[in-house]
Amino acid sequence: MSLLLVPTREDEAADMIRAAAEAKRSLAISGGNTRSGFGQQVEAQGVLRSAGLSGIVAYDPAEMVVTARAGTPVAEIEEALAENGQMLAFEPMDHRPVMGTTGEPTIGGIFATNTSGPRRFVAGAARDSLLGVRYINGRGEVLRAGGRVMKNVTGLDLVKLLAGSFGTLGFLTEVTFRVLPRPQDQRTIILSGLDDGEATRAMAIAMSLSVEVSGAAHLPESVRGRFLNATLPDGPATVLRLEGLAASVAVRAEKLISTLQSLAPISQLDAEESRVLWQEIRDVKPYADGTMKPLWKVSVAPTSGFQLVAALRLRAGIDCFYDWQGGLLWMRMESEPEGELVRHVMHQIGGGHATLVRASVDMRATENAFEPLPAAVLALQARIKSQMDPAGIFNPGKMARG
Amino acid sequence: MSDVISFLQPREKVLARRSTIIADLADLLPADCLVHEPRELVPFETDAFVAYRRLPLAVVLPHNTAQVAAVLKYCHRYGVPVVPRGAGTSLCGGAIPQEDAIVIGLSKMSRILEVDFANRTATVQAGVTNLSISDMVGPEGYFYAPDPSSQLACTIGGNIAMNSGGAHCLKYGVTTNNLLGVKMVLMDGTVIDLGGKHLDSAGYDLLGLVCGSEGQLGIVTEATVRLIAKPEGARPVLFGFTSSEEAGACVADVIGAGIIPVAIEFMDKPAIEICEAFAKAGYPLDVEALLIVEVEGSEAEMEAMLASIVEIARRHGVKTVRESQSATEAALIWKGRKSAFGATGRIADYICMDGTVPLSQLSYVLKRTGEIAEGFGLRVANVFHAGDGNMHPLILFNANDPVEAAKAEAAGNEILKLCVDAGGCLTGEHGVGIEKRDLMLHQYTRAELDQQIRVREAFDGQWLLNPSKVFPLDGRPQTAGAA
Ligand SMILES: Cc1cc2nc3c(=O)[nH]c(=O)nc-3n(C[C@H](O)[C@H](O)[C@H](O)COP(=O)(O)OP(=O)(O)OC[C@H]3O[C@@H](n4cnc5c(N)ncnc54)[C@H](O)[C@@H]3O)c2cc1C
Ligand SMILES: Cc1cc2nc3c(=O)[nH]c(=O)nc-3n(C[C@H](O)[C@H](O)[C@H](O)COP(=O)(O)OP(=O)(O)OC[C@H]3O[C@@H](n4cnc5c(N)ncnc54)[C@H](O)[C@@H]3O)c2cc1C
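Line by line, the protein sequences are chains C and Z. Following the UniProt record's numbering, the numbering of the first sequence begins with 1 at its first residue and continues without gaps. Following the UniProt record's numbering, the numbering of the second sequence begins with 1 at its first residue and continues without gaps.
Bound conformation, chain Z alone:
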């Protein structure tokens, strides 16, 4: 892909001291915590935003909070940038390092510390994967609600940094709504505890501020999350509509009727075709838009809710209605949707956008998205969480063609700006990272961004934490990122 995203100049002073820094870190940490051979650094040079990569100065894989604190204190003292890293599944380049940075990877801190069913909490180390919490508590009838599609790999620390969500967040909310407390290390090595097993906290809502801060404020080492009793059952229904307007209006009416399904997923025609060709899920190919609506509860509850939802869909001229009669059928309905990214990857290279728009703007934004892609001579497939307006246009292109790659990137930027102009935002779940950093001034005024920057500086005045991310490189205070 084209090299349009720039990085900060590496700090010369840091590069010059490389061997000393590595020797010092070796003194601070057990041998198995430090990685510095160039060959061994390669797995850490990028994340799931693979278009960009940089080898870090060294990688530290601590076992505990005290080691994280010791490394941060050291880096703070010598002005060494630090990039926190979970599983590296970030889609916005949030965990991509630089030549002068120490990557602190939480992968060794992957223990579930305590599960407390009576209080419905789990306390885990930051490197625990999202899915392993639900796996651990599932047999007792509980689950951890936020379910990013990457949940098999991504870590709770990364989820907190990105405020991740998934298909089921319409009902249960995203990470910030399910997080009760963290232990975190500030850049100067201070360890603080925010929240706990109780609700809300004294003072400012620092927990809320940390969630979604993309590794800019500190390194989270432990988290206490909320567990929820599993519903008795869940059942999806699949609808095919002859226009995306009708599908959109159906979503609005379901919600207007007082029904909050756990998930409402939307696919447009190109997405339906791609997924069906791959997953053979039996999706109708003679419709323009498809909705998967999932409800939860006891048999009787699901029956009642589905009856109302189907009624509403009929009022919008639904062409296909497929109610799942069994677990196998339910899995098949989801299979097509869940394979969307993989299926698309088989037919073309693609970039996955992540803008959010108000529900009332959905049809308009879908139409304009198609026009924008067409204007660049590209195809776009849309799959998204319709209940909360989080769109994922997949822009298809050929990565071996630099001209087309540049067009895809430009089309992506246009689409994100469109989302903002329609009253939405640049990113609903994937984060800003380096990818959308330079678009921030499209969503915020200079003064608004400056206020965020000043709050950031209350945590890390030297801009050592993940410094080339989130905020545009120009317009930062003079001290920031100085070599």
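Chain C extracted, bound-state conformation:
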């Protein structure tokens, strides 16, 4: 019998969790109820939703800090920020297009999953922007971690631990995070015709310059046409984003182009096209294809990405594009998830981690969605979990199989 719990106050949520802990009744935690299965299937006796805990609590643009209840829709946050010319630096992706889900992503869900987009490789992940949280542990205690200041080394940084813990350690009720000024201007430089290896080298060169590239992606020919309504120039597109004050962007673009022009034909996108392109990259547009074909998100050292893809291509049907200077691979498999193969090759080229973001229910039942961990780390995680959630009621089975 599945119970739906939607507290509207923090203390009410604490009571519900305490009662569940006493009864050893497990709870699946969800934000916007975009619950279609990501991660391992959670078998829980109840569902605890943050949707009733909604609204911005405090926002002072001059301080660049926002406090919001966990169930606040991300859209509401983004709107408030836009009104003040600010943004979430980590550029969180909207997973709905690629997952084919509906519902309202919440700000708590963003931090609980540590979801970050293209700017992550220079501006940090969601967890880097998260300054403080209020949360309820598995004993039903309402607790705080961190605060609302950027620098804080007072005790253990449980904020980082909770970020990306996928609701297995605590129920977030309120999050406080840092925001940044929205860049006045942006543009994207496109290098056309490079193969994956050449593109990787070009992106590394771009990152070695003092031009502050804030997006570096490579879109092979197989996906190029699925961005910007197929208006990118012919051939694979290696795209580099510059953002900032208008004067800065112009100066940096000139420098970037003069350094890279011997490598490939170069063209540019203006601010508006650039904005659309990076949103499409962020939301993995090419694979928002209405299918449930297995989709992997793999994070490796930037220069290893193309080697991983080259090695896999010999043995599996994959389609792929690169973000984060080549270190983030979005890979769609033609039929099976091929998890073992992906991970085997990934470890051969120097390691990283692979997450199965999308797959059919059947495939998810047999494939590990998260990267398997070494035994010592797994044991440590299990001890941490039991210190935060001793009765093991939160999202059982979500992160680790078994």
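Watch out, some of these pointers could steer you wrong.
Just the calculated beta-carbon pair ranges, DEER-fashion [claimed, not checked]:
1) C:Gly100 / Z:Val321: 37 to 47 Å
2) C:Met292 / Z:Ser149: 22 to 32 Å
3) C:Ala379 / Z:Arg18: 26 to 36 Å
4) Z:Lys108 / C:Ala375: 23 to 33 Å
5) C:Ala19 / Z:Ala406: 47 to 57 Å
6) C:Asp185 / Z:Asp32: 56 to 66 Å
7) C:Ala250 / Z:Ala327: 17 to 27 Å
8) C:Ala375 / Z:Glu371: 53 to 63 Å
9) Z:Asp32 / C:Gln348: 47 to 57 Å
10) Z:Val42 / C:Ser386: 52 to 62 Å
11) C:Met292 / Z:Ala327: 51 to 61 Å
12) Z:Glu99 / C:Arg383: 50 to 60 Å
Simulated from the structure, these hints should not be mistaken for lab results. Note that the coordinates shown come from a computational prediction; the quantities given were computed from them, not determined experimentally. Cβ coordinates follow ideal geometry from the N, Cα and C atoms, glycine included.
Here the structure of chain C is known, so what remains is to put chain Z with the ligands in place on it, guided by the hints.
Positioned in the frame of chain C, the structure of chain Z with the ligands alone reads:
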């Protein structure tokens, strides 16, 4: 200074076995790794928080991770406390040992293992100094961003343990934002790798948890850090304001205008006077507050940014504006600020506080800080990183006068509590250590602290790692620190 901070009772069983322990360690390690003559232990009895000192049982200076693991495994088996140590520049007593503890110093592990420019990473041993990374990669146009003022001496291991930051972290973040991976040894001798050259990691963010954990969770032996391409140029501008409110409002407006300088440093009148008398940097003496704002980029970019910033400062009635026209002028502007601690040390003894407050509370906290010091009959000078609200009130006193010393300590505690009450925290970069351990319950509820303690115990159930630090001695679980 007064002896108000207490240490744990040394474990009798450990003290009683001292010679056996030393003999066992001598078997485990090459001869050059073990220090145990009392005379040789003296350099390890304290760190930069010199008010307190204790001779350790022995000091181990390993060459590699395997030796660290062997020693920890041994100490775990026999219940011997361990204190990790980098360069000993901690300002909160984080590396001060006890009579029953083995200090594990990472100073011999000071090799840069790999520099990978294409991936913009450097992998180093934990005992490498902060500055040596930037020195190594500088000629290729890169740097390692976190820049604590102690960077010439302090180690990456210590930086990770303290999550250190510096003047430039407004733009680039602190250690945790620039750390990609570590190799570390758990108390039972298990070696684990967290992160690597890739971004983020599978499972819980243990790397984020380890950063800033003050040697409570394990000993870091290697680290992979992020390198950043050096900006084309950097240029500071100096502003003098007739009130600290105006200076504070100027900071808020610069940020509100969408400009993130790399550094915004603030000095109040006492600090300006002290620094100017020492550094002769040409600071204006007829103002109440001074800001140093630094921007980076190409000439054209810096011009544009500085023009906007100066415009904003004028709106706040700025009295002095000094734009540096040359590298020499830029160095002079920074010279006064950088000599703040040294200059203060020449005129008086001082304790340097390290609270952080929300930007909107800056003026209020500055005013109250002055009142608190005055209430104790003491002087205070304020120098701090205004962009992120990290305050460093320097409380001046005479260390030869025990009454005044006790007052300075009490005033310091009041100021830290003030920071917490204003929505900030006890420490922004120096850490809790033994210094602020007993104030933790001012910032956290008992239940909040207990949750941190339980997470700590997932790593080290016997409380052998740096045991008298960070968490108040009372209220620990019964097993903790048992003799
Ligand atoms: C590559 C990728 C793919 C993803 N795919 C999916 C997907 O298919 N389905 C999906 O639901 N999400 C998915 N996510 C997460 C999703 O993109 C974002 O986190 C989004 O914000 C979801 O918001 P939500 O409110 O709908 O959270 P939910 O989808 O309801 O929850 C997402 C996760 O966060 C936890 N969580 C949510 N709110 C809280 C809270 N207040 N306290 C503690 N834990 C909480 C949940 O237990 C769950 O583990 C994915 C993330 C990534 C990076
Ligand atoms: C003049 C001066 C200026 C300073 N300015 C700044 C500043 O601007 N910003 C700032 O953040 N700090 C500053 N500090 C404080 C200090 O330099 C930092 O905390 C520094 O990170 C300590 O590094 P260390 O190598 O000296 O570590 P130590 O002092 O030796 O140790 C510090 C702590 O780290 C632990 N530790 C050390 N190495 C390891 C390891 N390998 N594994 C696990 N734990 C370990 C120790 O147990 C201890 O708890 C300053 C200090 C001085 C004296």
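Within 53 to 63 Å or not, the Cβ separation of C:Ala375 and Z:Glu371?
-> holds, 57 Å
Using the Cβ atoms, figure out if C:Ala19 sits within 47 to 57 Å of Z:Ala406.
-> holds, 50 Å
Range hint compliance [Cβ, C:Ala250 to Z:Ala327, 17 to 27 Å] | Holds: the Cβ-Cβ distance is about 26 Å, inside 17 to 27 Å.
Holds or violated: 52 to 62 Å for the Cβ distance of Z:Val42 and C:Ser386?
-> At roughly 43 Å between Cβ atoms, C:Ser386 and Z:Val42 fall outside 52 to 62 Å, so the hint is violated.
Is it true that the C-beta distance of Z:Asp32 to C:Gln348 lies inside 47 to 57 Å, as the hint says?
-> Taking Cβ atoms as reference, Z:Asp32 and C:Gln348 lie about 38 Å apart, which means the hint is violated.
Could you say whether the range 51 to 61 Å given as a hint is met by the Cβ separation of C:Met292 and Z:Ala327?
-> Distance hint for C:Met292, Z:Ala327 holds at roughly 60 Å.
Whether the CB-CB distance between C:Asp185 and Z:Asp32 falls inside 56 to 66 Å = holds, 59 Å
C-beta pair Z:Glu99, C:Arg383: status relative to the range 50 to 60 Å that was hinted | Between Z:Glu99 and C:Arg383, where Cβ atoms are some 30 Å apart, the hint is violated.
Look at the Cβ atoms of Z:Lys108 and C:Ala375 and judge whether their distance stays inside 23 to 33 Å.
-> holds, 30 Å
C:Gly100 versus Z:Val321 beta-carbon gap, inside 37 to 47 Å or not = Given range 37 to 47 Å: violated, Cβ gap about 57 Å.
Do the beta carbons of C:Ala379 and Z:Arg18 sit within 26 to 36 Å of each other?
-> holds, 33 Å
Holds or violated: 22 to 32 Å for the Cβ distance of C:Met292 and Z:Ser149?
-> violated, 55 Å
Consistency note: the structure conflicts with the earlier hints numbered 1, 2, 9, 10, 12.
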